[in-house]
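Enquirer: Those protein sequences? They're chains A and B, same order as listed. If you read the first sequence in this note's numbering, its first letter stands for residue 1, the second for the next number, and so on. If you read the second sequence in this note's numbering, its first letter stands for residue 1, the second for the next number, and so on.
If you're looking for bench data, these hints aren't it; they were derived computationally from the structure. A hint or two may mislead.
Claimed, not checked - Label-pair distances were calculated between CB atoms; the ranges are:
#	chain 1	residue 1	chain 2	residue 2	range
1	A	P64	B	G288	20 to 30 Å
2	B	S235	A	A84	31 to 41 Å
3	B	D94	A	P51	35 to 45 Å
To be verified - Away from chain A, derived, C-beta distances all over 12 Å, residues of chain B:
#	residue
4	R30
5	G255
6	R325
7	G482
Every residue, glycine too, gets a C-beta built ideally from N, C-alpha and C.
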Amino acid sequence: MSLQASEVEKIAHLARLAIDPADIPVYTRNLSNIIDLVAQLQAVDTGGVKPMAHPLEMAARLRPDVVTETNQRDKFLSLAPQAAAGLYLVPKVIE
Amino acid sequence: MHTKTLAELSRALHKREFSSAELTRAYLARIERHNGALNCYITVTAEQALEQARAADAALAAGRAGPLTGIPIAQKDIFCTDGVKTSCGSRMLDNFIAPYNATVIERFNQAGMVMLGKTNMDEFAMGSSNETSFYGPVKNPWDMNAVPGGSSGGSAAAVAARLAPAATGTDTGGSIRQPAALCNLTGLKPTYGRVSRYGMIAFASSLDQGGPMARTAEDCALLLQAMAGFDARDSTSVERAVPDYAATLDAPLAGLRIGLPKEYFGEGLDGQVAQAVDAAVKAYQKLGAVLKEISLPNTHLAVPVYYVIAPAECSSNLSRFDGVRFGYRCADPKDIEDLYKRSRSEGFGAEVKRRIMIGTYALSAGYYDAYYLKAQQVRRLITDDFKRAFADVDVIMGPASPTVAFNLGEKVDDPVTMYLSDIYTIAVNLAGLPGMSIPAGFVGKRPVGLQVIGNYFDEARLLNVAHQYQKVTDWHTRAPAGFE
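Build out the structure end to end from the sequences listed, making use of the hints.
Expert: Laid out in structure tokens, this is it:
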């Protein structure tokens, strides 16, 4: 297998995912299979090939720097799991 | 009424043979009757639909109606719909009522269309069978033991079962074309940038593109006419005039140069699917087209490239789901990290988590060059293959899927095998080209799709090529048993 269980645990942490320890072997196997699938790219000669980040090679458009959105704070806050006094609420971050 | 195509419904509404309200009620009744077995709608918006239908009838009576006025449509649940739940097939967004409309929804509203509801899909459009949905799998109306394909599986099943005359889909690696193929529909993935992505929940932003799914090319032409066009709110939307797609449907195909990539007819392609595709290509020869064998030598690298680039973009796009601003939040988080981790782990399903982790790995320090940069370089090689081919041919044809619909549960435990079901569609997204799937026969009860790939912004030609085939064949007119 191309990935170790410890690497999968590290990736899960980087992705802010909590994977049940009992599921780690299954994730390790599935992710290793995917990494093996993409490993064939390593054999391709790509010397001098410019990376292609985007299909249309377009440049970002510019627009005048003016306000185009209306304030919809209350509408957006109504979607939050927890909000009060115009703020999103989360567990205490700073002791 | 449900036996008519979208174009036929349009003519009937304008002749006042029936009203949009009657038509809408007929579809709502069919949904009521069949959705339990098929599971193709996540949300049915009956009340709003009847309201839109009444407004459409008023427009028709006042002579203010366009070709799509009063026609019902099903929207993939990836498009934000103001005031209506927009789940993207995920527990993460099970409680999400979109606060605005996607541009695609806005355009269909302006055209006077009637939204019947939101269709089931693979979670965050990640899947090829509709089995990764939080809302359960969708059944294929042609064979209830088979998957409808994915990720736009609910849209495909809804149109195939005549629970909507048309639907929207999105296609990141085949998610319009493969389910269209597996459900005997006509589906079009436009050129990247042709249809606005504003309000379309992002999976892989350099690959995602919305498009129509319907019974005929003529129907897709009418739908694309409304969907396509520049949108300042999508930074990758292309400023380019939209042609009249219906105007060129009847152009003759004499002299059309069709490229047949030898890599699309090799190992891995089911023999009976190959026979159906060969027969379709022969029908084109009879219409005056000229066949040419071509080579797209990097075809075998498309799936590996895709499974670096799409997960990389997905891991970035889905980092917004943090349990803070909207969407699912875990119960009793003990601190902020616990809130992030458990909200994401409980809110996302297994396939989404796998892809986030692959993307995180490919983008992490020490691996970026070996995976992400390498994949971007090979992406260019794949794109250059197409550019070379289109110097000599007008369209490229081949199968949309290597097999007909597979059985429910057959590939669900083996991600890599599932990924290979998109082997003929993925390269088209990597290059940003337009592609279609059109009905081309059956293997037993299960449909076969012919894929037609066009050059950049050549949707009009794809629709013309598909329409001419549909004038001399009747595959697209067939309805699944029990849903006629």
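Enquirer: Measuring Cβ to Cβ, find out whether B/G482 lies farther than 12 Å from everything in chain A.
Expert: holds (37 Å)
Enquirer: Taking the beta carbons of B/S235 and A/A84, is their distance inside 31 to 41 Å?
Expert: holds (34 Å)
Enquirer: Does the claim that B/G255 lies outside the interface with chain A hold up, using a Cβ gap greater than 12 Å?
Expert: holds (29 Å)
Enquirer: Once the closest CB in chain A is found, is it more than 12 Å from B/R325?
Expert: violated (6 Å)
Enquirer: Return holds or violated for the Cβ distance of B/D94 and A/P51 against the range 35 to 45 Å.
Expert: holds (38 Å)
Enquirer: When you take the CB atoms of A/P64 and B/G288, is the distance between them in 20 to 30 Å?
Expert: violated (51 Å)
Enquirer: Minimum Cβ separation between B/R30 and chain A greater than 12 Å?
Expert: The claim holds: B/R30 sits with its nearest Cβ about 33 Å from chain A, beyond 12 Å.
Figure legend: structure checked against the earlier numbered hints; hints not met, in rising order: 1, 6.
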